[in-house]
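Novice: So the sequence lines, in the order shown, correspond to chains A and B. According to the numbering used here, the residues represented by the first sequence are 1 to 574, in order. According to the numbering used here, the residues represented by the second sequence are 575 to 1167, in order.
Because the hints were derived from the structure by calculation, they are not lab data. Any given hint could turn out to be false.
As the list claims (entries may be wrong) - Ranges between beta-carbon positions, derived for each pair:
| no. | chain 1 | residue 1 | chain 2 | residue 2 | range |
| --- | --- | --- | --- | --- | --- |
| 1 | B | 1044 | A | 483 | 22 to 32 Å |
| 2 | B | 611 | A | 167 | 29 to 39 Å |
| 3 | A | 326 | B | 816 | 37 to 47 Å |
| 4 | A | 152 | B | 716 | 38 to 48 Å |
Given the structure is predicted, the values throughout are model-derived calculations rather than measurements. Glycine residues also receive a C-beta, built at the ideal position from the N, C-alpha and C atoms.
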Amino acid sequence: MIRNIIYLFNFTHVNIKRIFLGELFHGFLLALPTGMLLLVIWELFSDVPNESYLWKITGIMSLSFIVQLLVAGKIYVYTNKMTYRMCSKLRLSLGDRLQKLPLGYYKKRDPGDLASIILQDVTNVETILGHALPNIFGSIFGTFFLSLFLISTDWQMAVILLFAVPCAFLLAFAATLLMKKLSHSQIHYRNETGSRFIEYILGIRHLKVHNQTGEKFKTLEKAFSDLRKASIKLEAIPGPLILLSFVVFEFFFLLMVYVGLSRLTENTINIPVIVAFLIIGYRLYEPLKLFMVDYAVLNYMNTSLVRILDLLKAPLQGGEKTTVLESYEIEFKKVTFSYLDREILKEVSFTIPQKAMTALVGASGSGKTTIANLIARFWDVQKGAITIGQKDLNRISTESVYGMISEVFQDVYLFDDTIYHNILIGRPDAKEAEVKEVAEKAQVMEFLHQLPDGLNSRVGEGGSHLSGGQKQRISIARAILKDAPIILLDEATASLDPENEIYIQQAIQELVQEKTVVVIAHKLQTIRSADKIIVLENGKIKEEGNHDQLLKIDGLYASFWKTQQQTTGWKLAV
Amino acid sequence: MQIDKENESEKRRDSSGIGRLLVLAGERKKMLILSGLLALIHAALGLIPYVIVFYILSQLLQTGTGSIPLSWLFWASAAITGSAFLLYGSGMASHVAAFNILYDLRTKIADKLGKLPLGYVNSSSSGRFKKIISDDVERIEQFVAHGIPDVVKAIFLPLLTLGFLFSVDWRLALVSLFPLVAVILASMYSFSTPRSKELMDKYHLSLEEMNSGIVEFVRAMPVMKIFGQTASNFKKFSDTVREFEHFVGKWLDESAKVWGILMSLINNALIPLFITGLILYFNGSLLLAVFFLFLILGVGYIRVLFVLSTFGPQITMISQGLKRIDEILFDVQAHTYGSDSISADYSITFDEVGFSYHAGHPVLKKVSFTAPQNTITALVGPSGSGKSTLGQLVPRFYDVSEGAISIGNQHIAEIDEHHLMNEVGIVFQDSMMFYQSMLDNIKMGSDKTIDEVIEASRVAHCHDFIMQLPKGYDTHFGDKGVHLSGGEQQRIQLARIVLKDPKILVLDEATAFSDPENEHLIMQAFSKIIQNKTVIIIAHRLSTIINADQIIVLEQGKVDAIGEHAELLKNSHLYRKMWNAHQRAKEFEITYE
């Protein structure tokens, strides 16, 4: 934990020394009244207490009060500003990091989850560190000064008192170990509740028609009650240990009293010393108890910190800037790829000729989409290699790879902006006439007359004002404008909006001309004239060839083709 | 003061803020009273060691000997142990109460959401609801589990301490009140000024702005990366982050003054006591032991109050969450349903039905037609024509804005929800699998036998792939290694309908497109389940519905034409146009020129 915190300070270049000095001074001020108190007790025990001396001490105390009034706020501001500055830097570095991560990362993790690292986790660190640091410094110095004094007064008594510290921390440590284990399961159930609840909300229509809402939906109810059980356990089991770690102080104090009193009868100690220990003893423990509370809070913060550091240390993709290649032929050489413990591609080798159309065919889960994602370098292959124009894909920077590729997939992200600007993203320096031309080609113009402001109509958040097919056509317009040499295309996008299928098809027709095209195909009719068809089954290549060749083999492709021909013959009948 | 003001503005509910929290806590009153009582005794027992130390002190100072009975020390340790146990008991009682309250709240929210019109649930993202049920509900634990015992301690520990001190020496006790008063005054000043409130609001606003900036940044990232425009996106993001830092700096400057004063007051609370004590001692009217007692106990109780000072901002946070919870629980009205049973006639009639999701943007306008019992009615039309919406009105997911829908001759608004849902089945475009066994996913809470379930899944073509799963029908969806394709999930959805065997079926034909490789299996299942039902089919590909008993052509929310396929080809321009486009789309081939 401490290592993580120090890493954080170093990483963000925040001057920890000045914070340290400031808090050191404040810690000294915090401990001063107790120190003075000791001097007073001492003096009061002398045969003739010196009154003016005592008033002097009172004067010093008042003075230190005034000094503290003046500086406490400033030191507090400094420490906190520094932690906020550090967290700002942290947010910026995390943001920078997110830009450089493999795109696949975004497919694997929920974007809300990634955002919550920058939001929630950094905020946790921010508020906790800002509060806990001053407290911890105060406790350390307070305890340090007091123990020095006690040891010099009577080391035996002091040792008894101080012995409570390792005991308490041992107990606290055991408690945190226990808590870590239990909180693991509590967090598991908490996430479980969240997922089950999201499922409930997303599926509420389905549950409604089957009269399964509310308590009748047992899966959700069970998640709620499991969470309750785990939460109670998390409090109940480590609770006694934590309490014990506090009580330990009180017991050692009583032990000290007992030893003190028995030594008094042996005359190896005098009354003022005992009295001093009686009064100071309790004071010694107070900052320690605070420290233990802060320690627990810091532990909690550490889980956030770990998530932050994990993201900061996540591996990036290397490669150099490459703008133009001589050829855009793509080659897979014995590529193996696993995702979430599942092997999706197994030693796959094939070539995709340039300026031709290659179709990937196979049942869902056969690896078609993965191949497209690997070409776009969303992920790096684990074994084997992919080359574009003989150049290893891993040696081309991701920016350059994205620059060579346009993809039209099922999920389109539109910004809450105008249609015009959403198309312009394809090539920001394009002229207005060019945008209009691609809008025409991609059949965007076809639906513009329905919208109030034509190309300048806003699309709503995530494109909510438009139908699926209309969004698709905007994304195709983007791709045409970008004019990248390689096109990755999911053919199923067309059937997302069956009424507009014909328009999307026309848009696709415009997009693919003169490019190296890879189509993930579902309706075989569409890719009948492809130059090359690769048939996949369970992550392996089953057949390769053009339509006629594959029909002749009479294998998997031929059987796909036959069933699809049948399907179109389906008619509704009572 | 603050509670009263909010009370007036929130008349629909009993209360809000602390008041509302207390009402919530009241649901587990007994547990919490127990917790408070235990905390009180804990505080009282906790004082005993101090009292004993005081007597040891006075004994030492008066007699000069240490002849103190060891039994005192024994009692002191007994008190400490007892006090710790009581604290544990108090904490457990309040936590058990708290977690039960959270559980109740969660089930209530889920239940209410199930009863609300779909429009409300769809109006927000699922993430927002999740945040409410996880985070907002969770925060209440802080108040119930920690707040209540802590407040009891924070109030009674100083009271008990002061009581004891007054019984020993009232003059010094009076002086030791001094820092307490100062702390209360200082914090009242800092937390109640309009300026501090304004700052607090601004702080939250600034935080929210940064939050939405970050969310947008992350969401837009994949697209920005692909088009190589991360820089401008990053600039927006970094601006909000810097803005926040800047504001926090200002906020700190303001709030630090009070914090500094409070901290200094608490740390130096001894000074007045010290001065008075010295004067009295040199007067000869104060015993040394008493002086020392006050030096130990006189100001220690203030620290406990610190707990209360963090309480204020916490309550604001909790209350904001509670507001969102109460919005769901109280502000939105659930449907009211009649309780009549359904007649034996399962024809469906739309009578001049008008509907809009948002006032002023009608999706359906004066739609009238009748779907006779045991026939097939197909809805066709360009996207945005309102055909999917129309399908959703039959099970009353939304209430019509004008006109009425009846089953037989009964308005659906007068039919009990339970009854209505028993008679209506829907096949949605999106399938939904729940994290439970395949058996439960098909049964959906009904009391059908396993044989009936297997029979239904045979009809829906899912028996074969279910049997190939590691544990067959007992396989949990979502477990590691269990993967169902979109089409397989759709077929499970169909099995649900086969098993339910409703009298009325609303079917979205686009369902079939979710897994193009297996389209024909879904189509086969379709033709079986539509037998002997009143079927409304939302059609996208016209070739599938040419045999329907009647086809309703919709355009921009209005009925354009009604008739059979051949009639419409003759009479409806729109239908003809759609038919031609469909014929061409079927033949589409990507060609390279």
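Novice: Determine for every hint whether it applies to the structure shown.
Specialist: Now the hints, each set against the structure:
1. Between residue 1044 of chain B and residue 483 of chain A the beta carbon distance is about 48 Å. The supplied range of 22 to 32 Å is therefore violated.
2. A C-beta distance of roughly 31 Å is found between residue 611 of chain B and residue 167 of chain A, which places it inside the suggested range of 29 to 39 Å.
3. The supplied range of 37 to 47 Å is met by residue 326 of chain A and residue 816 of chain B, whose beta-carbon atoms lie about 45 Å from each other.
4. At about 44 Å, the beta-carbon gap between residue 152 of chain A and residue 716 of chain B stays in the expected band of 38 to 48 Å.
Violation of the numbered hints given earlier is confined to hint 1; every other hint is satisfied by the structure.
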